[in-house]
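Asker: Modelling step: build the complete structure from the supplied sequences, incorporating the hints.
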Amino acid sequence: MNRPALLQSLPLFAGVPAGEIDRLAELAEWRSIPVGMVLMEEGERGDSLFVVVEGRFLVDVGTAAVRQRIAEVGPGEILGETCLFRRTVVRSARVAALGPGTVIRLGIGDLDVLARSGSRLPLLIERAVLHTLTERITRSRELIEEVLVQPAQQRPKGIVQRLRALVGLGA
Amino acid sequence: MTSRRPRDVVRELERSPYFRGIPETLLHPIAVHAELARVSDGLVFAERGSAPDALFVVISGKVDVLRPTPASDEPVKVSELQPGMLVGHVSALRDRPRQASYRAQGTVDLLKFPRDAVKRLLDDEGVLGSAFRRALIMALSNHLLAANQKLTTFIGDGKPRTAKETEGMLQELHDTLSGVDEQSAVSGQNSARDEGR
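Sequence order for the protein chains is A and B. Residue numbers for the first sequence, in our numbering: 1 to 171. Residue numbers for the second sequence, in our numbering: 1001 to 1197.
What the hints contain is simulated information worked out from the structure, not anything from laboratory work. Keep in mind it's a predicted model, so treat the numbers as computed, not measured.
For the chain A half of the interface with chain B, some residues (derived, Cβ under 7 Å), not all of them:
hint, residue
1, Thr82
2, Phe85
3, Pro122
4, Leu123
5, Glu126
6, Leu130
7, Leu133
8, Ile137
9, Ser140
10, Ile144
11, Leu148
12, Ala152
13, Arg164
14, Val167
15, Gly168
Between beta-carbon pairs, the in silico distance windows are:
hint, chain 1, residue 1, chain 2, residue 2, range
16, A, Asp22, B, Thr1152, 40 to 48 Å
17, B, Arg1115, A, Arg120, 18 to 26 Å
18, B, Val1044, A, Gly99, 52 to 60 Å
Ideal Cβ positions, reconstructed from N, Cα and C, are used throughout, including at glycine.
Answerer: Laid out in structure tokens, this is it:
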């Protein structure tokens, strides 16, 4: 598939006119990620988001010696959105390719260029980010509520790690 | 509740950390969608379980956050919101009933964005809608960053935790995810914005 077709196949961009997809495909920085390569390093400063186009990526946190897996993400998912809009935030997790993958990188300037050209893509991306953040917050709160109503002895193990996976993905 | 002019609303929006970075030329049309409201001491202005009919920005005074806890089926005060914080934004974005009640602690001034106005701003395809959406993204990402900081600290020292300590942390985390207790993250954001000017 060519690049516009790859983008068009993602649910995130469903229904976007072909001309706008072509513009995004030209504007975005495309990265081919070989297996094992680190896309984002925990603790580094970030100013952009990534959209996974192909492949699967492992999100983990920890030290060089001990890594803790917190999530796995695939096509259509957004990574690092908090850094895009806040610009001065450090990455909260490491993201590495589980197999060969492709991502596009977008900076805030790219969104502004698209907005000035009358594109609906910034609207779609901002809405997707709002939805993602709202869902993470809601799922985290619901998880906490579910756990807190149970007697201490019956509470599931690993709650802290599950919460870390939910709240730590954005940056 | 009483309403005032858009110019007053702009001045108040500029004081909120989430709207501060937005140019005045955009704040004005956003302000048209909001009204200033004064709430008397003790009044619950947004009730748990009610429809998210509005999003509020706390302008002055403090707001008590009330919800049930594991120890009490009746809503009790679990935290309070400071000026600049948002009320009801997560419920408004999800279009689901409110998860907590909000009560004025003394006289409280609020900016109220009715549900229809929130929807219009969220659906706006131009720079106005973008500014509003990004203000909300800032607020939500603040909640998550503050929660992540708390979890990292909790996990990071490697100490074994009692069930009671974990429960306390989880309750605190719940409030953080609701937008409470995030002043440090907000301050950090403002410093960053100031640097960028």
